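**Student:** These protein sequence lines map, in sequence, to chains A and B.
Under UniProt numbering, think of the first position of the first sequence as 1, with each following residue one higher.
Under UniProt numbering, think of the first position of the second sequence as 1, with each following residue one higher.
Source of the hints: derived by calculation from the structure; they are not laboratory data.
Here the structure is a predicted model, which means the values were calculated and not measured.
Be aware that a few hints might be false.
For identical chains, the list gives no copy identity; a pair is met inside one copy or between any two copies.
Below, a list of computed lysine-lysine pairs in the DSS-like style, where the Cα atoms sit at most 30 Å apart [what the hints assert, rightly or not]: (1) LYS401 / LYS286; (2) LYS308 / LYS335; (3) LYS501 / LYS70; (4) LYS495 / LYS98; (5) LYS342 / LYS495; (6) LYS501 / LYS335; (7) LYS70 / LYS401; (8) LYS70 / LYS495; (9) LYS308 / LYS356; (10) LYS495 / LYS97; (11) LYS525 / LYS70; (12) LYS525 / LYS97; (13) LYS70 / LYS91.
Protein chains: 2
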Amino acid sequence: MRSHYCGEVNETLEGQSVSIVGWMHRRRDHGGVIFIDLRDREGLVQVVCNPEDAECFAVAERVRSEYVLKIEGLVQLRPAGSDNADLRSGKIEIIAKKLEILNASETPPFPLNELLDVNEDIRLRYRYIDLRRPEMQQRLRFRSQITRQLRHFLDSNGFLDIETPILTKATPEGARDYLVPSRTHQGEFFALPQSPQLFKQLLMMSGMDRYYQVVRCFRDEDLRADRQPEFTQIDIETSFVEEEDFMNMMEEMIRGLFANVLEEALPNPFPRMTYAEAMDRFGSDKPDLRISLELVDVSDLMGEVDFKVFSSPANDPRGRVAALKVPGGNNLSRKEIDDYTKYVGIYGAKGLAYIKVNDIDAGREGLQSPILKFLPDEVISAIMQRVEAKTGDLVFFGADKATIVNESLGALRVKLGHDLDMVERGWKPLWVVAFPMFEWDEKSARWHALHHPFTAPRESDLALLDSDPEKCLSRAYDMVLNGTELGGGSMRIHKTDIQQKVFELLGINEEEAQDKFGFLLNALKYGCPPHGGLAFGLDRLVMLMTGAASIRDVMAFPKTQSASCLLTDAPSPIDDALLKELNIRLRKNPQAE
Amino acid sequence: MRSHYCGEVNETLEGQSVSIVGWMHRRRDHGGVIFIDLRDREGLVQVVCNPEDAECFAVAERVRSEYVLKIEGLVQLRPAGSDNADLRSGKIEIIAKKLEILNASETPPFPLNELLDVNEDIRLRYRYIDLRRPEMQQRLRFRSQITRQLRHFLDSNGFLDIETPILTKATPEGARDYLVPSRTHQGEFFALPQSPQLFKQLLMMSGMDRYYQVVRCFRDEDLRADRQPEFTQIDIETSFVEEEDFMNMMEEMIRGLFANVLEEALPNPFPRMTYAEAMDRFGSDKPDLRISLELVDVSDLMGEVDFKVFSSPANDPRGRVAALKVPGGNNLSRKEIDDYTKYVGIYGAKGLAYIKVNDIDAGREGLQSPILKFLPDEVISAIMQRVEAKTGDLVFFGADKATIVNESLGALRVKLGHDLDMVERGWKPLWVVAFPMFEWDEKSARWHALHHPFTAPRESDLALLDSDPEKCLSRAYDMVLNGTELGGGSMRIHKTDIQQKVFELLGINEEEAQDKFGFLLNALKYGCPPHGGLAFGLDRLVMLMTGAASIRDVMAFPKTQSASCLLTDAPSPIDDALLKELNIRLRKNPQAE
Chain A
1 MRSHYCGEVN
11 ETLEGQSVSI
21 VGWMHRRRDH
31 GGVIFIDLRD
41 REGLVQVVCN
51 PEDAECFAVA
61 ERVRSEYVLK
71 IEGLVQLRPA
81 GSDNADLRSG
91 KIEIIAKKLE
101 ILNASETPPF
111 PLNELLDVNE
121 DIRLRYRYID
131 LRRPEMQQRL
141 RFRSQITRQL
151 RHFLDSNGFL
161 DIETPILTKA
171 TPEGARDYLV
181 PSRTHQGEFF
191 ALPQSPQLFK
201 QLLMMSGMDR
211 YYQVVRCFRD
221 EDLRADRQPE
231 FTQIDIETSF
241 VEEEDFMNMM
251 EEMIRGLFAN
261 VLEEALPNPF
271 PRMTYAEAMD
281 RFGSDKPDLR
291 ISLELVDVSD
301 LMGEVDFKVF
311 SSPANDPRGR
321 VAALKVPGGN
331 NLSRKEIDDY
341 TKYVGIYGAK
351 GLAYIKVNDI
361 DAGREGLQSP
371 ILKFLPDEVI
381 SAIMQRVEAK
391 TGDLVFFGAD
401 KATIVNESLG
411 ALRVKLGHDL
421 DMVERGWKPL
431 WVVAFPMFEW
441 DEKSARWHAL
451 HHPFTAPRES
461 DLALLDSDPE
471 KCLSRAYDMV
481 LNGTELGGGS
491 MRIHKTDIQQ
501 KVFELLGINE
511 EEAQDKFGFL
521 LNALKYGCPP
531 HGGLAFGLDR
541 LVMLMTGAAS
551 IRDVMAFPKT
561 QSASCLLTDA
571 PSPIDDALLK
581 ELNIRLRKNP
591 QAE
Chain B
1 MRSHYCGEVN
11 ETLEGQSVSI
21 VGWMHRRRDH
31 GGVIFIDLRD
41 REGLVQVVCN
51 PEDAECFAVA
61 ERVRSEYVLK
71 IEGLVQLRPA
81 GSDNADLRSG
91 KIEIIAKKLE
101 ILNASETPPF
111 PLNELLDVNE
121 DIRLRYRYID
131 LRRPEMQQRL
141 RFRSQITRQL
151 RHFLDSNGFL
161 DIETPILTKA
171 TPEGARDYLV
181 PSRTHQGEFF
191 ALPQSPQLFK
201 QLLMMSGMDR
211 YYQVVRCFRD
221 EDLRADRQPE
231 FTQIDIETSF
241 VEEEDFMNMM
251 EEMIRGLFAN
261 VLEEALPNPF
271 PRMTYAEAMD
281 RFGSDKPDLR
291 ISLELVDVSD
301 LMGEVDFKVF
311 SSPANDPRGR
321 VAALKVPGGN
331 NLSRKEIDDY
341 TKYVGIYGAK
351 GLAYIKVNDI
361 DAGREGLQSP
371 ILKFLPDEVI
381 SAIMQRVEAK
391 TGDLVFFGAD
401 KATIVNESLG
411 ALRVKLGHDL
421 DMVERGWKPL
431 WVVAFPMFEW
441 DEKSARWHAL
451 HHPFTAPRES
461 DLALLDSDPE
471 KCLSRAYDMV
481 LNGTELGGGS
491 MRIHKTDIQQ
501 KVFELLGINE
511 EEAQDKFGFL
521 LNALKYGCPP
531 HGGLAFGLDR
541 LVMLMTGAAS
551 IRDVMAFPKT
561 QSASCLLTDA
571 PSPIDDALLK
581 ELNIRLRKNP
591 QAE
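Use the sequences and the hints to build the structure in full.
**Tutor:** What follows is the structure, given as C-alpha cells:
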C-alpha cells in the first residue's frame, strides 16, 4: 500500500511521487492550508493539503487524531526557514494529491501528540494506543534487536536453539510455581517452569554440547516494582568447558552486544571480584561500581570499646561493624540523616551512627557525633585514618549481624550515590565469583543453597562439604552491570555422589530427592558430561540498555503489580462446568477448611 | 577441554596431537589392541589403545559403553584397506597417549551402538539417552537451523520479534484452554494461549507494522497421533498489505528455507487453488498433489437412477455423488475392497460402491459390480466417459452428504496413493484460497467460522453477510505441502461494524462479545489499520523436512499421547496446602456434584 515509510521520506526524493500510510498525528490549519503530520513506525512526515485540490482538502477537513490515512503526493523541499531539524523528514513536505481515510478513530483516551504524564493504569488498559508512542516503539524494536544480536553470537558459536517444555513438573520450591490442572490425569497438575534448569542439564546429558534458548519463565510471587509473573531468560548451557573459558565467551557476547547495538565499549576483560570482597567493600554481591563510596571494616577496632552497640557485633563471629565515609557529607542536615536512618531501617538496621568531620586536624574537638563519648581517642584516630577522613566528610556506621550491616550500608551506599550525584556515567560491568555453596538460614536453622542445589563445589573444596560447609566455595559466577545482576550461572554437579551429598546438606532426604529429582539423579548415572551455563534476564538487560524506568516499559503486554492484565482483564472467573471437567472446584470459605 | 570435535578429526590433521572428549560408543579388543569409537555431537572417531602404553591401556580396559572420556592422542592414517567410508573421520585413527575417565555410566537401558527398535515409552523415559542417537541429534539441529533461517528472513524484511503473554485470558472455546489458577486474584484463572491471535492484532493496532514470534501455543484436547499439548508456531502479522503481496512474501520465505536448508527447489510461484476446487477434486482443503487420483463429480448423472443410495444425495443440495477412479485397480481383491470399505466407514461413509472395468470396450458386459443392475446403460457410459476409465481400472463411489463424501473419498484417495505406490517424489506446495466465511454446523444448527471470527470477508462479498452467509467468501489462505497444512492465515477485520456483524452471525451476542472480546472491539474504534497475517506450525514443518514419522521425534521433550511426560513424571499430585493457597480443591466425587 505504501511506497515509503513516513519517516523515510526525505530530500533525496524531491520531485517524486510517494504513497504513504499511517496515523494522523497532528493537524494544523494555517492560512487556509491544512498541515497533517502523518506517523508510522519510522517517524513523522508533514503533508500539505491545499484548498485548490478541493477533493483532497474536503477529506482533510474530516480527519481527526489517530485516523488511519493513505496519502499520495509529491515530495518538495520546505520553504526556506521552515525546516524541522528534529525530524528525519524535516527538510521536505508532501503535497497531497490523494487522501483516503482507511479507518476512523474516536478521540483517544490520552493524546499522542503531546508529552503528558499519563496514569500507568490508563496506559496499560489502552496499551495499543500507548505502544504507538515513539519511545515505546523504540524500546520494543531495541528489544528485538538485542535478542537478534545475542542469537547471532550464539548461533555462530555452535549453540543450538532447543525448546524445552512449558508444561512441566512442580519443583520443590513449589510455592512459587504456577500450577495447571490436567484434564487427562485428574487431580494432577503441571507447573510452569521457573527456569528450564533441569531440562538444559538433561540436554547436556543428551550430548547436545551447546544449547541456548530465549525462554519464558514464570514465578508466582508478590511482585516488587521490578518483577513480572512471566519474564524472559537467555538460557545457555555447555558441556566440556571450564568456567574461565565460558565466562570469557559470555563477556565477549555482552561486549559485542553493547558495541553493535549501543556503540559503547565495555572493558576487556571484565574485572572479577570474589563474593567476599564484594560484600566487604560494597555490602552487596551486585555492587554498582559507578559509585566510589565503599564500606570499610572496623570490627577489629571495636572489640574493646565501652559501647555494646559496637562491641557486641564486633565480638560476634557472624557480626560486623563497618564504616561508610561520605566525602563532603558533613553538610548533611539533621533531617537528612534522620531520613537515612529510616531508610536503613527497611533493611533491619536498628540505627545509623555517624561522625561529622569538621576539622580533621583538631582531633576529637574537630569531630561531631552523639557516639564520640563512647570511643577512646586511639579508636577514633584509627577509624579516621582507616577511612582516610578529610575535613568536611561524614562517616556512617553500621553494627549488627553482618547480613544486616551489609544489606543496610550496601543500600545506603547506592542511595547516597544517587542523592549526592556521585554516580559516574557509563557502564561498569564485573564478574562476582567464589560464592559460598551454602548460607545459613537462621529462621529454618538449615543450610540454603546460595545459587541452586545443582551448583558444583570447587574441586579443591570438596572435603569441606563434610568438615565445614560454610567455607565451601562454589563454581558459580554472576555478571553484574551498574549494580544490576544481568545473569548468573555455574558449573553444575555431574557426579551422583556429590549431588547426593549436597541434597543431604540441604536437608533434602533420599525419598524427597527421588520424588522431586529422581530423573536427574538417574540421568547422572548414565555418563553425564562436565557442564555448566548461565541465564541472562532479558527484560532487565533491555531495561538497562534502553534506560527505561520500569520493566513494564520494555514488555509489550505486561501485568500490573497485582499480576493482572488491564487490557484483556485476565485473570477472570471461569464457568463451573469447565472446572468440573478438570475435577477441581473453588473453596467456598478458605479460612474454614 | 577439546581441541576438536570427534567427528571433525580427519586426514588433514595427520601427524598432529589432538584432544577429544565424548562418549564411549563401541569398544573392540582385537589382537591385543583396544579400539574405542568415541562419539560426540559431530560424529565418531576411532581411538587405538596399544598395550605398549600401559597406563592408557589399563584405563581403556575399564571403559564401558557411554563412559565419558577425555583422550589425547596422535592422528595417523589408518592402515591400508581399513578405511571406513561411512565416517567423516574414516580415513584416520587416533593413537591414544592419555585417556581419562570423566564420568562412568551404568549399562544404558538400551544400546546406542546397535540399530534396535526400542519401545517409545522407554525412549521417552530415558530421553537423555535417546537424544544421544545421531538421528535425534540431527533432527534437533535441523530444527534449530530452520528457525534460524526463518528468523533471518523475517528480520531482513523488517519484522520485529515481539513477545506476547503466556498467562492470558480464557477464550470462548475455553474447553480447550489450559487454565492457571491465580493466587493474587483468588477464584480467577489465567489461560494458556491457543495462539497469540488477538495480541498480534493488537500489535498491529499499536503501529508495530510487522511482527513475528516463534511462540509456544497450548491446546488441551485428546491427542491424536500427531498432536502435542504444547506446540510451536511461527506467528506473523503485518499491516497495510494486500493478501497477494503477503502470500508472495511468505512463499518466498518457504522457498528460501527449502533452498538453503535442503537444497531443494520449490515451484515459483506456488500454484493456487480455490477451496471449492480443492474439495471438488480432492475432497480436502489440504490436497496432497503428489497423488494424481482425483474425485469426479457425478451427482448430475445420478438424480434419476432407481437407486436411493445415489439418487437421494444427488438430489440433496448438501449432498454429493462422486467417483474415484483407480487406474489398474481392478486387481484389488475382495478382501482389499472390504478393508477400504471399513476405512471409509471411519469417516462416516455407509458403504463403498465400486465398478471394476474388465473390458472398457465391451459395454455393461465388460464391467463387474454389485450396483450395475441399478444403473441404466446411458448413466454407466456417461460415468465411464467422465472418469476416462480404461480396461483394468476400478471406480469407487461415494454418495452421501457432501462433507461425508469429501472426507471419506479424500482420505481414501490418499490411502490408495500410498498403498498402491502412486505417491510422486518431491515437494508439491500450493495455496488454498477463497474459503467460505462460514460453514453450517448441523448439530448446533449454527454458523461456525471456517477459520476464526476475526477473518475478513472479501470486500465484494460484504452484502452476502446479510443475504447469503454461506456464499460469502473470506480473505483466508492456507499453505499446503504434500497434503499437510503448513500454515494458515487471513486478512483480518479492521472495522467495528463488520466485526459485530460477524459475531452476530456466529451467534455471539453483544454481552458475550463484550465479555470475551471487549478489548478487541474497543481497540477497533481507535484507528485500526488494515492488517493480516499467518501462522506456520513449526513442529509439522520440521517433521516434513526431516521425514520424521512422529511429531514427538522433532521435539526434545515431548509428551505422550495421554499428555504426560514420562521423563519427569509430570503432571503429578500437589500438596493440599498449596492448593489451599490457590483457593481450589479437588472434587472428591466428580459424578456426584
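**Student:** Decide, hint by hint, whether the structure agrees.
**Tutor:** Hints, verified against the model:
In the homo-oligomer, the alpha carbons of LYS401 and LYS286 lie at most 30 Å apart inside one protomer (20 Å), although the nearest pairing across protomers, at 70 Å, exceeds that limit. When the C-alpha separation of LYS308 and LYS335 is checked against a cutoff of 30 Å, the pair qualifies only within one copy, where the shortest distance is 26 Å, while the shortest distance between copies is 99 Å. Only between protomers do LYS501 and LYS70 lie at most 30 Å apart by alpha-carbon distance; the minimum there is 26 Å, versus 69 Å within a single protomer. Only between protomers do LYS495 and LYS98 lie at most 30 Å apart by alpha-carbon distance; the minimum there is 22 Å, versus 73 Å within a single protomer.
Neither within a single protomer nor between protomers do LYS342 and LYS495 lie at most 30 Å apart by alpha-carbon distance, with minima of 48 Å and 56 Å respectively. In this homomeric assembly, LYS501 and LYS335 never come within 30 Å of each other (Cα to Cα): the closest approach is 53 Å inside a single copy and 65 Å across copies. In this homomeric assembly, LYS70 and LYS401 never come within 30 Å of each other (Cα to Cα): the closest approach is 68 Å inside a single copy and 47 Å across copies. In the homo-oligomer, the alpha carbons of LYS70 and LYS495 lie at most 30 Å apart only across protomers (16 Å), although the nearest pairing inside one protomer, at 65 Å, exceeds that limit.
In this homomeric assembly, LYS308 and LYS356 come within 30 Å of each other (Cα to Cα) only inside a single copy, at 21 Å, whereas the closest approach across copies is 108 Å. Taking the closest pair of Cα atoms, LYS495 and LYS97 come within 30 Å of each other only across two copies (25 Å); inside a single copy the shortest separation is 75 Å, beyond that limit. Proximity of LYS525 to LYS70 under the C-alpha cut-off of 30 Å is restricted to the inter-copy arrangement: shortest distance 18 Å between copies versus 65 Å within a copy. Only between protomers do LYS525 and LYS97 lie at most 30 Å apart by alpha-carbon distance; the minimum there is 27 Å, versus 75 Å within a single protomer.
For a Cα distance limit of 30 Å, the shortest separation of LYS70 from LYS91 inside one copy, 21 Å, qualifies, whereas the shortest one across copies, 66 Å, does not.
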